[in-house]
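Put the complex together from the two separate chains, hints included.
Next come the chains, spelled out residue by residue.
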Amino acid sequence: MLNIIRYPLDGELQLIEDDWQLIAKDSTHLPLNGRCLVPFSYWAENINHHDLQKKALSGELGVWFSSDDDLPLHKETILFGLKVWTVVAVDFPIFRDGRGFSMAAILRDRYGWNGQLRAIGDVLIDQLLQMSKVGFDEFVLRQDQSVAVALDQFQIYSHRLQNDWRSNRAQLGGVKS
Amino acid sequence: MYLYNPIDQRIVDDRVKQFKGQVERRLLGSLPEEEFKPLRLQNGLYLQRHAYMLRIAIPYGLFNSQQMNMFAHIADKYDRGYGHFTTRQNIQFNWLKLEESPEILADLASVQMHAIQTSGNCVRNITSDPFAGVAADEIVDPRPVCELLRQWSTLHPEFAFLPRKFKIAVSASKEDRAIVAAHDLGVFLRHNSQGKLVADILVGGGMGRTPIIGTVIQKDLPWQELPNYISAVLRVYNLHGRRDNIYKARIKILFKALGAEEFTRQVNEEYQYWQGGDQTFTQSEWDRVAQYFSKPKYKQLPSISKNELVQLANEEDKKSFTRWLERNTKEHQISGYSSVLLSLKPHGTVAPGDIDSSQMRKIADLANQFSFGLIRSTHEQNLVLADVEQSRLLELWQEAKSLGLALPNIGLLTDIIACPGGDFCSLANAKSIPIANDIQKRFDDLDYLFDIGDITLNISGCINSCGHHHVGNIGILGVDKDGQEWYQVTLGGEQGLNAAIGKVIGPSFYASDMPDVISDLIDVYIQLREPDESFIDAYRRSGVEPFKTRVYANIAKKEEASSVEVNAHA
Chain A
177 MLNIIRYPLD GELQLIEDDW QLIAKDSTHL PLNGRCLVPF SYWAENINHH
227 DLQKKALSGE LGVWFSSDDD LPLHKETILF GLKVWTVVAV DFPIFRDGRG
277 FSMAAILRDR YGWNGQLRAI GDVLIDQLLQ MSKVGFDEFV LRQDQSVAVA
327 LDQFQIYSHR LQNDWRSNRA QLGGVKS
Chain B
7 MYLYNPIDQR IVDDRVKQFK GQVERRLLGS LPEEEFKPLR LQNGLYLQRH
57 AYMLRIAIPY GLFNSQQMNM FAHIADKYDR GYGHFTTRQN IQFNWLKLEE
107 SPEILADLAS VQMHAIQTSG NCVRNITSDP FAGVAADEIV DPRPVCELLR
157 QWSTLHPEFA FLPRKFKIAV SASKEDRAIV AAHDLGVFLR HNSQGKLVAD
207 ILVGGGMGRT PIIGTVIQKD LPWQELPNYI SAVLRVYNLH GRRDNIYKAR
257 IKILFKALGA EEFTRQVNEE YQYWQGGDQT FTQSEWDRVA QYFSKPKYKQ
307 LPSISKNELV QLANEEDKKS FTRWLERNTK EHQISGYSSV LLSLKPHGTV
357 APGDIDSSQM RKIADLANQF SFGLIRSTHE QNLVLADVEQ SRLLELWQEA
407 KSLGLALPNI GLLTDIIACP GGDFCSLANA KSIPIANDIQ KRFDDLDYLF
457 DIGDITLNIS GCINSCGHHH VGNIGILGVD KDGQEWYQVT LGGEQGLNAA
507 IGKVIGPSFY ASDMPDVISD LIDVYIQLRE PDESFIDAYR RSGVEPFKTR
557 VYANIAKKEE ASSVEVNAHA
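Top line first, the protein sequences correspond to chains A and B.
Residue numbering for the first sequence follows the numbering used here, starting at 177 and increasing by one per position.
Residue numbering for the second sequence follows the numbering used here, starting at 7 and increasing by one per position.
Hints in this document: simulated from the structure, not taken from any laboratory.
It cannot be assumed that every hint is accurate.
With a cut-off of at most 20 Å between alpha-carbon atoms, the simulated DMTMM-like pairs for lysine to aspartate or glutamate come out as follows [to be verified]:
{"no.": "1", "chain 1": "B", "residue 1": "Lys171", "chain 2": "A", "residue 2": "Asp273"}
{"no.": "2", "chain 1": "A", "residue 1": "Lys259", "chain 2": "A", "residue 2": "Asp285"}
{"no.": "3", "chain 1": "B", "residue 1": "Lys23", "chain 2": "A", "residue 2": "Asp328"}
{"no.": "4", "chain 1": "B", "residue 1": "Lys43", "chain 2": "A", "residue 2": "Asp273"}
{"no.": "5", "chain 1": "B", "residue 1": "Lys312", "chain 2": "B", "residue 2": "Asp323"}
{"no.": "6", "chain 1": "B", "residue 1": "Lys171", "chain 2": "B", "residue 2": "Asp250"}
{"no.": "7", "chain 1": "B", "residue 1": "Lys254", "chain 2": "A", "residue 2": "Asp273"}
{"no.": "8", "chain 1": "B", "residue 1": "Lys26", "chain 2": "B", "residue 2": "Glu144"}
{"no.": "9", "chain 1": "B", "residue 1": "Lys303", "chain 2": "B", "residue 2": "Glu291"}
{"no.": "10", "chain 1": "B", "residue 1": "Lys43", "chain 2": "A", "residue 2": "Asp285"}
{"no.": "11", "chain 1": "B", "residue 1": "Lys305", "chain 2": "B", "residue 2": "Asp284"}
{"no.": "12", "chain 1": "B", "residue 1": "Lys487", "chain 2": "B", "residue 2": "Glu500"}
{"no.": "13", "chain 1": "A", "residue 1": "Lys352", "chain 2": "B", "residue 2": "Asp284"}
{"no.": "14", "chain 1": "A", "residue 1": "Lys251", "chain 2": "B", "residue 2": "Glu275"}
{"no.": "15", "chain 1": "B", "residue 1": "Lys26", "chain 2": "A", "residue 2": "Asp328"}
{"no.": "16", "chain 1": "B", "residue 1": "Lys301", "chain 2": "B", "residue 2": "Glu395"}
{"no.": "17", "chain 1": "B", "residue 1": "Lys325", "chain 2": "B", "residue 2": "Asp450"}
{"no.": "18", "chain 1": "B", "residue 1": "Lys254", "chain 2": "A", "residue 2": "Asp244"}
{"no.": "19", "chain 1": "B", "residue 1": "Lys554", "chain 2": "B", "residue 2": "Asp529"}
{"no.": "20", "chain 1": "B", "residue 1": "Lys336", "chain 2": "B", "residue 2": "Glu405"}
{"no.": "21", "chain 1": "A", "residue 1": "Lys352", "chain 2": "B", "residue 2": "Asp450"}
{"no.": "22", "chain 1": "B", "residue 1": "Lys43", "chain 2": "A", "residue 2": "Asp320"}
{"no.": "23", "chain 1": "B", "residue 1": "Lys312", "chain 2": "B", "residue 2": "Glu322"}
This is chain B alone, in the form it adopts within the complex (with noise of 0.2 Å):
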């Protein structure tokens, strides 16, 4: 992992002072509101419905034990002794005092972390593949030009006030699991014919009220290339991005207006200005940050197939544990090592994402005992530890069991990608982790889930699209009409390769109805579905109708039956 050098941490100690002075002024009232507020966000912090929240960056989603440590600190310290991991890989706290801010980024700063960029109009914390380095179908280890990248945006000084949030996302493996397409700019990574690193690039790809899947319109650019080819988007979009409307104002209602040929001609009459200038990316500042992300000390083990280790389990963990590793354990770049995801996905008890400091701590213990200190976090929210040795999976499924983070359900329906919702968020038209927890307690069946196999589960609590829902195989979206929290349901949505928008299927529903729906739409799957076809190939052959048929079908005979109960105690 990428440490800090003292440039690096002189940077956050000095980001730390700054928004002292900054909150001392707004405390002192010689800073209103109206122009604080921009400030607070560029360093992560919202005004939320109870009190100020807090959002961290992890950078690309990779972060150490410590830093786990200082996260139940501040758990514990200045919060409700909680965290959330959100979707775009940071991890963020609901209940904190401003007057206290400056002081938990001095704590912060003390592992080498800070809130910089975690919101705001500017360019965002990058993400990128939590299999990073380990994963089986890489092609490059994305990571060295994810921290290149992290340190080129950091406090850019053109590109702080954007006519809106700038999100990027790099890849670099034969799968992308960072939806990529989902972006403002997107960057896949891989080696030209000559073997030298290039890059493909996308622009105006993302969700919230306009979803739209980006469109290339670079390809085989250096790597050395990646900081002019991007200041030459940024300077397009933040000359003529749009300012008059926050809802028409994202980099990819431009590249629509434009058109992508206009679009992509301003962007390289831009970068013939910037193409191997003194912004490129140079060898040594290769070389100087990717020594961290060389291979840690890996021992030479034997592979060890599931069937072998099952074996070791006792009779009646046998089950549990096959389940556990055919969902929770990812195939490895090296012999005799795997990949496991801790799932803080458990069944209706806390909001996706949320873990307490008693977890976190025993979470970096487990990440010292069996992953050389490290852990990642997923834009699904769940963790990671990335370097287990096969031979110790069961031990580590028996801690992990006891912290309660060992349910078999990564990928499962279960699995629900939420945001907070209207909880928490001052945004939200409606609440999110109720009707996560409903349809977790109604899918409560282990046997069942796994019959249903691979699905995608995505809830929004407002358009703004935090929860993802527009790429869910079911996309669950909050919309408020006449002061009442209704939900819309999309299908057909995808991450990945195959990227794809779901459609609204009709007119929303109550919450109260949502486990109905959604058991609706599992069972027309059930029964439509061939042999070993998944969720989403189902409903790309079958299309939308059986699916919609059956949900309002089952409402109008909901309704019916209300309303002769009602007459009946008239």
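The following block holds chain A by itself, in its conformation from the complex (with noise of 0.2 Å):
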């Protein structure tokens, strides 16, 4: 099923299939076949097992931050990650919980995530133009969401007023610099 809303930096607005597994926080087990999103503290716990380099390796490994993970006290871990991780994700608990917009900015801007940042949890439709601003550029919508009403949400500003990771300020011409 399409019902991943990707808007690339530098691409079209499209829905694509989701083929990534969700392993949840708890969980000791890690499924050998197919692609897993695996919680960063199972990373960090695990950073040494053999399946989980080999996963990494092949590109079936994506992590997923929780709103309550410290990032610059693990910045180190972080940055190693990031070399071989394929997809990064950072979950938002309860849509209300901005603790996921600075986290995005903080890969994105100081520790040079470019690949897939994906916003996971409670994910709605009104949220998602913030995201898009901070650094993500992939969004798992909460299921009961309209796709349709939440593909109209990217383009209802023609401007912005402060720079973010799309684009710079309106008011000094907008050219990402």
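This is the structure:
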């Protein structure tokens, strides 16, 4: 089913299929086959595990951060991980928990992550625009959200008043430096 | 005043469209109230006791006559013919329908106004000195910085869902008229020894349940760096502020928990990644914005003293006009000009800060006739015409008097600052407006008010402190005890550079006792004051005891009398 919104930095808004299996926070089992999105805590604890490394090297491993993961505290682990992870995700435990916005910005601007950055969890229509500006380019909508309405959100505004991941402030011409 | 360019205009137009869609989904039921609530709050729309309330942003308290006329239009078309100026320089309307809110926002957008971020857990409307650009004690005009910060904070994607609201105030004069130290983040602007514009930054001030005076965490910050430094503060707060308890979620709680040193260390560590980056304000941005705040075309006029002005008035008007000149006019930077305060605090008839649509229209006319078409709102809930020729003050006084806006009570006991309280607000524990009105009626004698002199009295209907009671010389807080409305009294609060938090004097009082309590406090002051000593100075010298003793002794006497009466009837 095409139910993931992809909005790349320099490309068309599109719907894609989800081929990533989300591994829950308390899970101890890693499926051998298929692409897996594991909690960052799982990665940090099992970083030397053969199966995990193999998955990572074959492009079948992604990592998701929960909103209370302290990024600066794990900076070295993350910087190494970003070299081998295929996708990175940030979880929104509830839509109004704004930590994920700052985490995305840090992953993009400070840690230099250029791959897919996926918003997961309580992802609602009315936060998509902000998410797309701080650095997310894939959105796993909560199941009850209308995909059609969601797709309309990204073009609501013609201008922005501050620099973000996609563009610079319109009052200075809007060109990304 | 700053005027929108096509970019600003398009943004508020797009915001209206976005909100219209959200309201439509809410009305259709596909957007549940719990998920709609933060969205409507970020657009200033509250659900109150009786109806929806819309709070409209007045950036740093500056607006024009056309916008004032739009407020009158909104009051008449969508509300009940009046509006309420708030303690954060905004205006709110209390009787609106959700269905009509997109239309109201479209009307506002047509005069370059909006309600963006006047509520919600985001960076709120930025407040400043209502006398910015005209005050005689001004160091630098803060408005270009205020406007740049307004633009930077508007619809900021990273900081739309903070742990709690975030209020910024900016001041740049010798006196602080913006209660800078009682804000989540305060900015004092000044010139450094090289003549460069720099900012000192305070963090962690605030009122509410835990009133705290802010702490300076950064000095001499070049103005260009403001978005970088504030972003660093906000990012630390966004990531580490508490989200488990709404009463412990403001930045002041994080600041206290980490301690000034550790908090500042974390901010500075974050700041090094922002410093000099592409968010930095540029000179071209400054130039574009600052042109709107250049001085209006002042005439070359001789300065006229108050004594000379009074001679122009009729014999029977001389006393009233003298009082008005004394209390309701302020010194101006330019010779021959004064700033005028229109009092929105008539005695006992309306809520502090309320005006009706006909007054709004007439004030708009007065602004056009007397003050370059501009108006300012103050956090004390009055209005300012900032650029009035002194030779025309008598004429303006007469006009203001006919509108009921010339009561010379600015800065006096009846210039009460109050939130809307339990009559409107669904958060309030107790009513504020009737308390304010009863006190105004009790002290409806101008001779006595002038004798009492400078004093501030603030009333909040609940601990959210919208009436800023913590910084009132006399503060009144509505509390709920067993379903009854009670009032707690604090003394010794002060705004300005000596900002202080008032202290509770003791157990709380019934609403009906409040005028007596205030009378007792004033009586004690009159008895113990030294020549020319203000209420706050007398309080500081003598301490709380004499005030406290008198108030509770009289309350005890009253209770005794009423129990005797009850027994006599038994």
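Verification of the hints:
1. This hinted pair checks out: Lys171/B and Asp273/A have alpha carbons roughly 13 Å apart, not beyond 20 Å.
2. Of the pairs offered as hints, the one joining Lys259/A and Asp285/A holds, with about 16 Å between alpha carbons and a cut-off of 20 Å not exceeded.
3. At most 20 Å may separate the alpha-carbon atoms for a hinted pair to count; Lys23/B and Asp328/A meet this at roughly 12 Å.
4. At most 20 Å may separate the alpha-carbon atoms for a hinted pair to count; Lys43/B and Asp273/A meet this at roughly 14 Å.
5. Using a Cα cut-off of 20 Å, the hinted pair Lys312/B and Asp323/B holds, with the two alpha carbons roughly 14 Å apart.
6. As the CA atoms of Lys171/B and Asp250/B are separated by approximately 15 Å, the hinted pair is consistent with the 20 Å bound.
7. At most 20 Å may separate the alpha-carbon atoms for a hinted pair to count; Lys254/B and Asp273/A meet this at roughly 15 Å.
8. The straight-line distance between the Cα atoms of Lys26/B and Glu144/B is roughly 42 Å, outside the 20 Å bound, and the hint therefore fails.
9. Among the hinted pairs, Lys303/B with Glu291/B is inconsistent with the structure: their alpha-carbon atoms are about 24 Å apart, more than 20 Å.
10. Distance hint between Lys43/B and Asp285/A is unfulfilled; the C-alpha atoms sit about 31 Å from each other, more than 20 Å.
11. Taking the CA atoms of Lys305/B and Asp284/B, the gap is near 42 Å; set against the 20 Å cutoff, the hint is violated.
12. Simply put, Lys487/B and Glu500/B have alpha-carbon atoms about 27 Å apart, too far for the 20 Å limit, and the pair is violated.
13. Between Lys352/A and Asp284/B the alpha-carbon distance is near 9 Å, which keeps this suggested pair within the 20 Å criterion.
14. For the suggested pair Lys251/A and Glu275/B, the alpha carbons sit about 14 Å apart, so the restraint of at most 20 Å is met.
15. Annotation: proposed proximity of Lys26/B to Asp328/A holds, straight-line Cα distance about 14 Å (limit 20 Å).
16. Our distance criterion of 20 Å between C-alpha atoms is met by Lys301/B and Glu395/B, whose separation comes to about 15 Å.
17. Straight-line distance between C-alpha atoms of Lys325/B and Asp450/B comes to about 17 Å, which keeps the hinted pair within the 20 Å bound.
18. Between Lys254/B and Asp244/A, the direct Cα distance comes to roughly 17 Å. Compliance with the 20 Å bound is thereby established for this hinted pair.
19. Restraint check for Lys554/B and Asp529/B: satisfied, since their Cα atoms lie roughly 12 Å apart, inside the 20 Å limit.
20. For a cut-off of 20 Å, the pair hint linking Lys336/B to Glu405/B stands: about 18 Å separates their Cα positions.
21. As the CA atoms of Lys352/A and Asp450/B are separated by approximately 62 Å, the hinted pair breaks the 20 Å bound.
22. For the suggested pair Lys43/B and Asp320/A, the alpha carbons sit about 18 Å apart, so the restraint of at most 20 Å is met.
23. Proposed proximity of Lys312/B and Glu322/B is supported: the alpha carbons are some 17 Å apart, at most 20 Å.
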